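*Asks:* In case you want the letters, here they are:
Number of protein chains: 4
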Amino acid sequence: MGKEVKKIGVLTSGGDAPGMNAALRAVVRTALNNNIQVVGIKRGYNGLMNGDIRELKGKDVSEILGRGGTILHSARALEMLTEEGQKKAANIYKILGLDALVVIGGDGSFQGCKALAKYGVNCIGIPATIDLDISCSEYTIGFDTAVNTGVDAISKLRDTTGSHERCSVCEVMGRDAGYIALWCAMGGGAEEVLLPESKETATSENVIKQIIENRSKGKLHNLVVVAEGIGGSQELAKEIQEKTGIQTRATILGHLQRGGAPTALDRVRASEMGYMAVQLILEGNMNKVIAYNKGEYEAIDIEEALSMQKEFDPKMYEIVKVLSI
Amino acid sequence: MGKEVKKIGVLTSGGDAPGMNAALRAVVRTALNNNIQVVGIKRGYNGLMNGDIRELKGKDVSEILGRGGTILHSARALEMLTEEGQKKAANIYKILGLDALVVIGGDGSFQGCKALAKYGVNCIGIPATIDLDISCSEYTIGFDTAVNTGVDAISKLRDTTGSHERCSVCEVMGRDAGYIALWCAMGGGAEEVLLPESKETATSENVIKQIIENRSKGKLHNLVVVAEGIGGSQELAKEIQEKTGIQTRATILGHLQRGGAPTALDRVRASEMGYMAVQLILEGNMNKVIAYNKGEYEAIDIEEALSMQKEFDPKMYEIVKVLSI
Amino acid sequence: MGKEVKKIGVLTSGGDAPGMNAALRAVVRTALNNNIQVVGIKRGYNGLMNGDIRELKGKDVSEILGRGGTILHSARALEMLTEEGQKKAANIYKILGLDALVVIGGDGSFQGCKALAKYGVNCIGIPATIDLDISCSEYTIGFDTAVNTGVDAISKLRDTTGSHERCSVCEVMGRDAGYIALWCAMGGGAEEVLLPESKETATSENVIKQIIENRSKGKLHNLVVVAEGIGGSQELAKEIQEKTGIQTRATILGHLQRGGAPTALDRVRASEMGYMAVQLILEGNMNKVIAYNKGEYEAIDIEEALSMQKEFDPKMYEIVKVLSI
Amino acid sequence: MGKEVKKIGVLTSGGDAPGMNAALRAVVRTALNNNIQVVGIKRGYNGLMNGDIRELKGKDVSEILGRGGTILHSARALEMLTEEGQKKAANIYKILGLDALVVIGGDGSFQGCKALAKYGVNCIGIPATIDLDISCSEYTIGFDTAVNTGVDAISKLRDTTGSHERCSVCEVMGRDAGYIALWCAMGGGAEEVLLPESKETATSENVIKQIIENRSKGKLHNLVVVAEGIGGSQELAKEIQEKTGIQTRATILGHLQRGGAPTALDRVRASEMGYMAVQLILEGNMNKVIAYNKGEYEAIDIEEALSMQKEFDPKMYEIVKVLSI
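Chains as they are written, first to last, in UniProt numbering: chain R, 1 to 325; chain S, 1 to 325; chain X, 1 to 325; chain B, 1 to 325.
Honestly, I wouldn't trust all of these hints.
Pairs count within a copy or across copies, as identical chains cannot be separated in the list.
What the hints assert, rightly or not - Derived PhoX-like pairs: lysine-lysine, alpha-carbon spacing no greater than 25 Å straight-line:
| # | residue 1 | residue 2 |
| --- | --- | --- |
| 1 | Lys321 | Lys243 |
| 2 | Lys57 | Lys219 |
| 3 | Lys238 | Lys199 |
| 4 | Lys199 | Lys209 |
| 5 | Lys59 | Lys217 |
| 6 | Lys59 | Lys219 |
| 7 | Lys219 | Lys94 |
| 8 | Lys243 | Lys310 |
| 9 | Lys315 | Lys114 |
| 10 | Lys118 | Lys94 |
| 11 | Lys59 | Lys209 |
| 12 | Lys217 | Lys57 |
| 13 | Lys7 | Lys217 |
| 14 | Lys88 | Lys199 |
These aren't lab readings, by the way, just hints derived from the structure by calculation.
Quick caveat, the model's predicted, so the values are computed rather than measured.
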């Protein structure tokens, strides 16, 4: 059990993700339930460096469980990469009299935690990004919602692609990681998916070969998913059309996948992680990132969390290919 | 009352639209209910010219009421623009022993009806296009669904745009018509919309001026809708960002808006129009386009329908601007 | 042109409907755009009688366009049926220095307007109810959303009803009016619908006869829609199961249909009606209900509006029956 | 590696669940990819006992990935509880020349597998039920979709409950298990949930106490989730209204939660399980149930799977209570 906790801060950092608000609500409500005062810090670390804050009461987080985005706003904070910025942030943390800081964000945001820890700031990280590219956790807040948005979009494309016996190329988000693309491909029934994790096979030649093979088997329309980390959807669509004669259209989902009401899974996991963050603080179990691995939550040391490597399992890609015939 | 009707054909032509299947189902069921045999013609007029057909029974149209796209497939048919193509189509119509042909499509498809009528083909047109750009009708099948898909997408964009205090530029479909853009702008709460009907005011200067004005009034994020007929969203986003310093992202919805389960309105209107098409045939009231105007269905002579002009009401644009402050 | 308008009040009354917030936002923004101050009155007429109010600024209505319910809350106000209550309300209207009052609600709420008009209150009514049972208007705010919610629910029921070859009885809202039921039946592809407008044919005998007939034609599952004004779904399901041997389940949608984000149509119409309400006030064109008839908005005298009769068109029911085979 | 596999059967049994079709598609496509013929058995074990079957080709399962229900239909089969029925089924299995049988269903269906195994039938079970009440697996196909449907419904109820400052009681499915209720409560932000796993605390007294307490803290509306296994929602709503004076409405979601397009998670997991089922058959690894535990798939002996006990973790309930203030 740690020393008495009276006041904590919370911020959302990096790209926003559906479910951030649910996590925030859980942090605030669990804290208030333990008589801890909560300070909301706006615009990520920028708000900490500039004292851009407001107290959060129970009512401030009512009706946000199901809302996309983050009511605290989010932003990148280049200044936090400098020693000066880190000192500034740590100093305001002390002036505010905070006992701990909950950071809802991705690996980049947790780097900030790691830096602040050196100046005596007690941090707890909650993994939130639609891209699933956080090394220490098999689950990240927002991924499930982004995948469902992608699958829903692909279903709509499939309708019109089928009517016109065309080919659709659909580019989904994910930055350098192919998780969203892979899940969208399997969930949407795509016959090919181009992933940054296997760049050598993600060529237009392979795609075109697959399309022609599938047409020869009687398929009347085609669906290809492209990960953001590969890109070039418009060019790919053009090449497919030129080389196969099949009318091909590209659609780039873009930021669409970043918004929307969070799914039930994202709401539940985000709520549980927010609750757990405050429990860790109450136990004095600081400078941890909460992770969800092998069906359970765990608290991992921030330094260790940031040094972990996530492996890409090629199995799922194989299954997409088998199911696409 | 016309002569006895024994057999009719039905096809979907031009760009597909959600609700085409609902109209098709209504045509088939109403016909069967009147002991009329129905032949489904595939891939628009191409199927008529090439005898690409299949009989449609009641079961063939069960479970399609709520499905996007068209089970008959659709396509453009360049050959139908030639006299030769038209004769070919009219000839097959006679060989099949059809008493009438129901064409579900847009003005381009109705031009085909007009041409075929000269060769003794009895046509009934049902207006279906997401673009609402059919001259004779205030309502077209698919528009309501496309607008709802657009508004839903804009709502998602709004979440992340708000979190990051950015500007979003969202390009929606509509070809040369701005109806979808206008409705999406009002339904999505956009502050500016660029329409092909008012190209002179649809400039980046105006948009940027509006954005800056709104920021000065305290607005923290911005949303601009661009009609397909204006285009250039990526360039506009870039210009906004350069000139205002506000991070700006473009999203092009594209064919996404063409798919999806039809809304209740599109299902109901499409069903009623399909029913009415067969009623007109039974009455011998041929070569008409069904229109929905002033809250009522009406049957308009095809030639007249194609010569009508749809006026663009500037009122709605004015209201968008007033509500955007 | 009327005398200068400086301050208006706005309230939502009766059962809430999706799109009320969109209308409210349009009233506030249009008023502010014309330098009119707006007072939000809470809990319907109760708030007027008790001075339960707050000023509404532009920011207060941002982010509400797409939210169900009403941020002003709504309630029935029995006291408004008494002369005393009416005088009290009219008095507070004067103390607040209001130039007009916008009432968003149904016929019951407009009765309040009629009463207040006698005491010098200038009212504008905006028709909002999911039930569509407002005499003077073919459209009411919320109906389209409620119908889409109903059709979506029926589609889900259809999945499991089909899997198990059962019969589903789905009861939808609408109070004494069958509009929601009729639209849900056609949009959901139901084979029978029981309406309060045709009570004599809405019998379990007819339903059972229809079900047996459809099974004999090869239909493997059944779907019956029951209007709230008929009720008794559980009993009907039981009777169907007993008399036909077909497993039958009843589902009562209830208040589910009252909530949810408004559809694009409800957002657009509500926005236009809110805008128009302020325009009427600016013109000094008082004590009107805004209606949408024959594809156009119109302003109808409140007394006249309340004396109008809405006829029930049996045509749509006939079409449902034809399409259900 | 087992002996050569040439022909397998597949059936869906028990209550249907969204994602059953996705699993079926994966079984068929993976089998065909390995040159195995697939026989679809209709209406669960009934089809096996009565030879109600049809061969499934690749095309038969296209466009079903995203459809709720099961194209093979499902049913309970009382006859399978008798030795006679089991012998009959095993006999037809042999006559058809099947090498294995894939059963998509719940624990009841796996009891059928266990019985058939004694007669030499090679079974693989895939866990599918919205109720999550399968002892051997932390995940079951359909649960995620049912929970999302529930949370979506609760969100709609919340809108109107908030507008009118009422209390809503929402009864969700789950039979004797409270998983759906618990997830819906946390995902929907309910303040109380009545679970069959803790019947002693699931009393109207506790609920009413909680409601009054929350109102005293400033909460303006209330939301209570009731599990099917507790039931009595109408009575509870009545009692709450009588004892607190707060207007209260009950909504019973019922079979609504059984339908709908499967979520991305249900599509992906079902696809992977279907794929894995055929892999196990190819390996000769028979009479197994596929389970998903601790973040991984595993194959558990049917007898063992059926003897396992699933524990109910009270933690999640505690968190719901903390977050509800």
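*Asks:* Hint compliance check: list the failing hint numbers for this structure, sorted ascending.
*Replies:* As far as the earlier hints go, 7, 8, 9 and 14 are violated by this structure, in ascending order.
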